[in-house]
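There are 4 protein chains.
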Amino acid sequence: MIIVMKNGLQEETIQKVVERLRENGYQIHQSRGVEKVLLGAVGGEKSDYLKSALETMDGVEKVISILAPYKLASREFKQENTIIKVGNLSLGGEQIQVMAGPCAVESREQLLEIAAIVQENGVRILRGGAYKPRTSPYAFQGLEEKGLQYLAEAREKTGLYIVTEVMDTRKVELVAEYADILQIGARNMQNFPLLMEVAKHNKPVLLKRGLSSTIEEWIMAAEYIMLHGNHQVMLCERGIRSFDSTYSRNVLDLSAVPILKKLTHLPVIVDPSHGTGKWHLVAPLARAGVAVGADGLIIEIHNHPEKAVCDGPQCLKPQNFRNLLQEIKQIATVMGRTI
Amino acid sequence: MIIVMKNGLQEETIQKVVERLRENGYQIHQSRGVEKVLLGAVGGEKSDYLKSALETMDGVEKVISILAPYKLASREFKQENTIIKVGNLSLGGEQIQVMAGPCAVESREQLLEIAAIVQENGVRILRGGAYKPRTSPYAFQGLEEKGLQYLAEAREKTGLYIVTEVMDTRKVELVAEYADILQIGARNMQNFPLLMEVAKHNKPVLLKRGLSSTIEEWIMAAEYIMLHGNHQVMLCERGIRSFDSTYSRNVLDLSAVPILKKLTHLPVIVDPSHGTGKWHLVAPLARAGVAVGADGLIIEIHNHPEKAVCDGPQCLKPQNFRNLLQEIKQIATVMGRTI
Amino acid sequence: MIIVMKNGLQEETIQKVVERLRENGYQIHQSRGVEKVLLGAVGGEKSDYLKSALETMDGVEKVISILAPYKLASREFKQENTIIKVGNLSLGGEQIQVMAGPCAVESREQLLEIAAIVQENGVRILRGGAYKPRTSPYAFQGLEEKGLQYLAEAREKTGLYIVTEVMDTRKVELVAEYADILQIGARNMQNFPLLMEVAKHNKPVLLKRGLSSTIEEWIMAAEYIMLHGNHQVMLCERGIRSFDSTYSRNVLDLSAVPILKKLTHLPVIVDPSHGTGKWHLVAPLARAGVAVGADGLIIEIHNHPEKAVCDGPQCLKPQNFRNLLQEIKQIATVMGRTI
Amino acid sequence: MIIVMKNGLQEETIQKVVERLRENGYQIHQSRGVEKVLLGAVGGEKSDYLKSALETMDGVEKVISILAPYKLASREFKQENTIIKVGNLSLGGEQIQVMAGPCAVESREQLLEIAAIVQENGVRILRGGAYKPRTSPYAFQGLEEKGLQYLAEAREKTGLYIVTEVMDTRKVELVAEYADILQIGARNMQNFPLLMEVAKHNKPVLLKRGLSSTIEEWIMAAEYIMLHGNHQVMLCERGIRSFDSTYSRNVLDLSAVPILKKLTHLPVIVDPSHGTGKWHLVAPLARAGVAVGADGLIIEIHNHPEKAVCDGPQCLKPQNFRNLLQEIKQIATVMGRTI
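Residue numbers (the numbering used here), protein chains in the order written: chain A, 355 to 693; chain B, 355 to 693; chain C, 355 to 693; chain D, 355 to 693.
Watch out, some of these pointers could steer you wrong.
Copies of one chain are not kept apart here, so a pair can be met inside one copy or by any two copies together.
Claimed, not checked - Below, a list of computed lysine to any residue pairs in the SDA-like style, where the Cα atoms sit at most 25 Å apart:
id, residue 1, residue 2
1, Lys661, Glu409
2, Lys683, Gly647
3, Lys432, Ala553
4, Lys557, Leu617
5, Lys511, Asn378
6, Lys405, Gln673
7, Lys616, Leu363
8, Lys416, Thr512
9, Lys632, Ser599
10, Lys500, Arg462
11, Lys360, Glu434
12, Lys632, Ile693
13, Lys360, Gly513
14, Lys661, Leu617
15, Lys370, His383
16, Lys405, Arg386
17, Lys360, Gln503
18, Lys416, Gly397
19, Lys671, Glu409
20, Lys500, Pro487
21, Lys416, Lys432
22, Lys405, Thr600
23, Lys405, Gly387
24, Lys525, Glu499
25, Lys405, Ala422
26, Lys632, Met411
Derived by calculation from the structure, the hints in this document are not laboratory data.
The task is simple: from the sequences and hints, build the whole structure.
Here is the structure:
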């Protein structure tokens with residue numbers, strides 16, 4: 355921690371800050387310049403509270419944290435990549451995993467048809483929402499438990515694994531009974547009780563980035579889940595909010611992928627469907643996601659996008675999905691990986 | 355609803371879209387220009403799903419909604435201002451209400467001391483968090499039910515009303531037993547199960563704007579609460595995220611106040627403490643909040659900011675709070691209001 | 355300057371960095387923690403280049419600048435407020451100055467009529483663009499020198515001072531012959547040749563904030579003008595770009611006013627017309643601008659907004675302008691100032 | 355154009371708007387709903403001014419433009435891709451062009467050494483700034499004409515083509531004498547006099563996206579150059595400003611590439627160096643740029659990044675550049691292109 359103080363302060367004012375740091379076990383090294391005094395503080399207790407308290411003390415201009423605020427998620431804590439097992443699949447290893455399916459589970463027929471398409475294409479994970487976070491209270495809110503049952507039936511029929519969203523602390527137990535991977539949506543990235551609740555279940559978690567969440571806030575959300583007992587966290591980039599949503603609903607921040615791979619040991623997934631909101635942008639951004647180093651992709655597909663009850667405009671049709679898989683397999687090869 | 359179609363389409367393609375609209379009860383008026391065909395559709399059923407479905411149809415370039423997606427919250431639905439009663443206080447009327455207190459309830463002593471200061475200054479609502487949403491899992495998370503009990507004791511001793519945050523659907527009933535106003539924090543603005551849960555209790559709700567929520571998304575969150583049975587919603591502007599957080603943690607969007615007063619009938623509150631994150635910016639922005647037309651202010655104060663376990667740097671000391679109240683009373687008078 | 359280095363480095367790697375700093379005249383104090391080594395460097399030569407060079411050296415994690423990158427504009431360099439003289443007016447003193455007029459000079463008649471309205475209301479500075487930066491090459495680009503002549507005629511007839519924009523280094527001399535205050539528009543805030551050119555003329559400069567410029571970049575733009583010889587710079591907040599422009603074209607960042615008053619000694623002006631883009635938001639935000647501590651306002655008015663060739667929707671009509679002046683005079687009184 | 359009007363208006367109010375439209379040659383189709391009246395207006399004169407004027411008329415709620423505001427740059431105007439010739443090279447064709455070199459021309463030796471590296475790697479375009487837009491007036495501002503001469507010498511020695519920035523209308527003629535491609539930097543994207551000046555010279559223009567410019571504003575800047583006579587415009591995505599610049603200086607918006615390829619016929623270039631500001635992010639984002647469909651890349655390299663006078667931290671060393679070229683050649687092959 356570095357404390358920047360004005361120069362020309364009374365010695366006493368500086369000493370009060372030094373004392374406060376020593377009380378917390380810090381060793382202090384002072385650098386006195388013409389305009390500022392720097393206090394380098396090392397070795398003390400990590401404390402969110404101390405930083406805030408120092409900032410309110412007389413003479414203190416700013417306090418700069420040097421250490422990352424997260425630990426369990428950091429590459430320094432665990433150097434090798436975390437590989438998450440879902441049945442016989444590995445997420446975060448050499449093989450890039452694709453998750454595909456409809457935005458929402460709409461009916462038994464719809465889901466089973468799409469699941470069959472997913473399976474035929476050699477993809478191993480089925481996505482589909484039974485509980486849907488919708489901006490409008492008048493919009494379709496999901497089939498709820500019925501939707502979970504259809505997902506389970508699709509799994510039985512196809513052998514696909516299931517990733518599905520949970521939004522309410524009271525439903526985590528129920529959703530965990532059906533799902534192979536629990537999804538935390540962008541709007542819930544900082545729903546801390548929900549993070550702590552999913553931590554209690556021994557299921558991998560797909561943690562989507564918040565709409566305007568910083569990289570550090572996102573890793574801290576993963577840290578919540580890990581600190582409360584569940585280390586199987588995947589980070590999913592799904593586009594951030596920018597000043598221009600005319601042609602793409604969000605801006606897919608692909609730089610997040612190599613940044614996260616450097617800072618953390620967790621698998622990183624890219625969602626080009628929500629990242630753009632337009633089906634014709636999904637394939638180019640999916641290719642870019644593989645080229646930038648993602649460990650997986652999550653893609654919305656639909657057999658009848660014009661009948662989809664949500665996000666139709668961003669769903670790929672089966673033929674386009676098939677073509678996309680061909681393209682990304684070749685790019686994966688360039689990257690020394692498989693799909 | 356307006357459907358913009360390319361020109362040079364086969365008549366059949368246009369007719370398919372027209373049919374689809376008619377099936378949903380719409381009347382259609384066509385305007386055929388050199389480059390585009392416009393379909394003006396009026397009178398049909400409101401449907402989130404139809405818009406999305408049309409966007410995926412052949413030949414459709416875009417679909418433009420004309421009507422606001424919210425109803426109960428709109429000024430067109432209810433022309434007069436909503437005035438919310440909290441005991442003998444009115445929120446949204448002539449009197450501007452100040453809510454003040456610490457970021458978090460830290461101890462019985464701390465809370466009672468600050469409550470006394472709040473009361474002595476003629477302020478009538480006490481704020482204080484018992485459940486705290488913290489970016490870091492290592493930071494102080496609140497005293498929980500113990501904190502609620504201290505708030506109740508402070509109310510008993512001072513006659514102040516209590517506003518406090520609820521974060522978890524499972525805790526709404528408990529918090530509602532203690533609080534006079536339920537606060538939904540910025541990170542939970544689109545926690546839809548939570549919005550629906552607070553709607554079940556007959557308590558006013560202070561709904562904070564999400565960090566990068568649009569005006570429309572924010573009103574839609576209020577609409578969730580209203581549609582599920584609770585019309586006592588206040589909207590609280592607390593700063594939005596921008597590209598520069600060096601000197602102010604957020605950008606307090608004061609234009610939101612007159613915009614919301616025009617679009618909705620709900621009271622609008624301004625939070626200059628979270629809006630800036632720096633105590634020395636609180637007074638100028640609080641003055642500006644009153645001048646722009648806010649119905650209330652929510653302000654963090656602390657008797658010992660340097661000991662505060664959270665947000666110390668943005669807390670006003672008692673003397674500064676006293677001075678601020680003097681200033682804003684005078685500006686309220688200019689605005690034809692009282693404090 | 356603080357250099358953060360990884361621990362566990364070879365002593366030699368650390369010493370290379372220390373040497374480099376000593377070559378530039380720095381004294382170094384080391385703080386060695388368990389995870390990091392901090393080098394506090396004071397007393398050396400200020401150099402943009404050295405920071406960048408250090409960041410590329412082996413073992414260096416990051417380099418943190420402690421001193422502000424600007425000097426002449428800083429409150430530390432000059433403690434008292436800069437008061438800029440325009441004829442017998444003072445900008446930055448007790449009196450808040452209003453600048454009003456049309457977006458663009460459209461014709462002799464239009465300008466003279468509006469100038470008369472401005473003068474009748476006791477306002478002393480007339481705004482109006484002769485060179486207009488327009489997003490579209492098909493839009494009206496200004497009357498150019500003819501517009502400047504009309505402005506000069508309006509000044510002669512009314513005694514008003516003139517503020518008008520200059521966009522091209524080749525036109526600075528010409529515009530400076532006519533204008534009392536040279537305006538640098540938001541899109542040109544980092545047009546460095548233009549900043550250096552206006553620095554050569556002994557005319558006050560109104561420097562608008564760039565659409566997504568940080569506070570520091572903005573002050574650095576002022577520093578350019580000051581370093582090249584012209585210390586008469588006013589900073590004008592005119593709204594920043596956000597993720598939501600549905601109801602307000604920009605977000606007027608009023609927190610910038612007290613932040614700039616603390617960091618610099620320069621006058622700060624607020625532009626609620628461009629800050630919102632809607633005439634009905636101008637009055638509330640103008641009131642808020644005065645309440646937050648601005649030294650001046652720049653406001654677009656028009657006698658026939660529906661005939662304005664640019665920005666009609668954000669122009670106040672004469673009657674609304676008159677009412678606004680009444681309101682802000684009262685708020686100025688509360689602030690201990692006059693208008 | 356669509357004009358949305360409130361219902362319940364006097365017929366006269368609606369008729370005034372209709373008249374105004376007819377005066378401008380529009381045909382009107384009305385759709386009268388329960389809550390709104392829609393006027394579909396087709397066939398009239400395109401006019402920026404009319405839209406703005408309509409918005410200020412009584413009863414008008416909003417005016418929605420249907421046609422793109424640009425013409426020459428649009429894919430509808432010219433369906434086939436524009437291929438720009440630079441000597442014997444084609445930009446926008448099957449071959450992806452790489453432009454590489456230092457941020458700034460620092461000295462004759464530095465430039466010639468780096469040019470040799472560029473050439474040895476089979477790259478055909480050399481970048482390097484002789485005029486540098488720097489945030490700080492204290493930073494290195496470029497070697498100016500001397501720098502241009504070194505670039506010309508490097509071209510002579512290596513056969514590389516030269517791309518270099520021009521910032522000042524007064525220097526365009528000079529820079530055009532030396533450069534093969536004129537670069538307009540991000541900060542000057544809306545420096546309209548500069549755009550019109552480069553339009554006068556028969557040189558290809560590399561137009562960088564502004565820091566927070568929308569896709570439409572960017573295309574409109576290209577339209578300025580095209581309308582004033584120069585159709586050889588390339589669009590360069592170089593990262594946009596977001597709320598998080600901790601780990602990447604900007605967010606490289608790769609979705610812009612397929613969006614621009616759809617809306618316009620112009621070549622699109624990606625700049626992963628400025629897009630991230632960190633050398634270790636350049637390779638992954640360069641790969642992603644090729645995979646997303648870019649027609650070219652512009653990359654900063656340096657033989658001694660630790661001695662670079664600007665942007666050292668984002669420069670690739672020669673070996674890393676060589677490796678990157680290998681990777682992107684393979685991805686180009688997958689895309690059916692060459693490098």
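Exercise. Could you place lysine 632 and isoleucine 693 in one of the four classes (within, between, both, neither) given a Cα distance threshold of 25 Å?
Key: within (24 Å within a copy, 29 Å between copies)
Practice item. Can you give me the call for lysine 500 and arginine 462, within, between, both or neither, at a CA distance of at most 25 Å? Key: within (9 Å within a copy, 47 Å between copies)
query: Given a CA cutoff of 25 Å, do lysine 360 and glycine 513 count as a within-copy pair, a between-copy pair, both, or neither?
result: Neither, since 65 Å and 44 Å both go past 25 Å.
Given a CA cutoff of 25 Å, do lysine 405 and alanine 422 count as a within-copy pair, a between-copy pair, both, or neither? both (13 Å within a copy, 22 Å between copies)
Taking 25 Å as the upper bound on the Cα-Cα distance, should lysine 370 and histidine 383 be classified as within, between, both, or neither? both (15 Å within a copy, 21 Å between copies)
Can you give me the call for lysine 632 and methionine 411, within, between, both or neither, at a CA distance of at most 25 Å? Classified as between; 13 Å across copies, 51 Å inside a copy.
**Item:** Up to 25 Å CA-CA - glycine 647 versus lysine 683, copy category
**Value:** Both, since 13 Å and 17 Å are each at most 25 Å.
One pair to classify: lysine 405 and glutamine 673, alpha carbons no more than 25 Å apart. Within, between, both, or neither? between (55 Å within a copy, 24 Å between copies)
As a check of your reading, is lysine 632 near serine 599 (CA-CA no more than 25 Å) within one copy, between copies, both or neither? Both ways: lysine 632 and serine 599 sit 11 Å apart in one copy and 21 Å across, limit 25 Å.
Legend entry - Within, between, both or neither, where lysine 416 and lysine 432 count as close if Cα-Cα is 25 Å or less: For lysine 416 and lysine 432, only the inter-copy Cα distance (22 Å) is at most 25 Å; the intra-copy one is 31 Å.
ask   = Quick one: lysine 360 to glutamine 503, C-alpha cut-off 25 Å, is that within a copy, between copies, both, or neither?
value = Answer is neither: 64 Å inside a copy and 42 Å across each miss the 25 Å cutoff.
*Classify it for me, lysine 416 with glycine 397: is the Cα-Cα distance of at most 25 Å met within a copy, between copies, both or neither?*
Intra 19 Å, inter 19 Å, cutoff 25 Å: intra and inter.
Checked against the numbered hints listed earlier, the structure breaks hints 5, 8, 13, 14 and 17; every other hint is satisfied.
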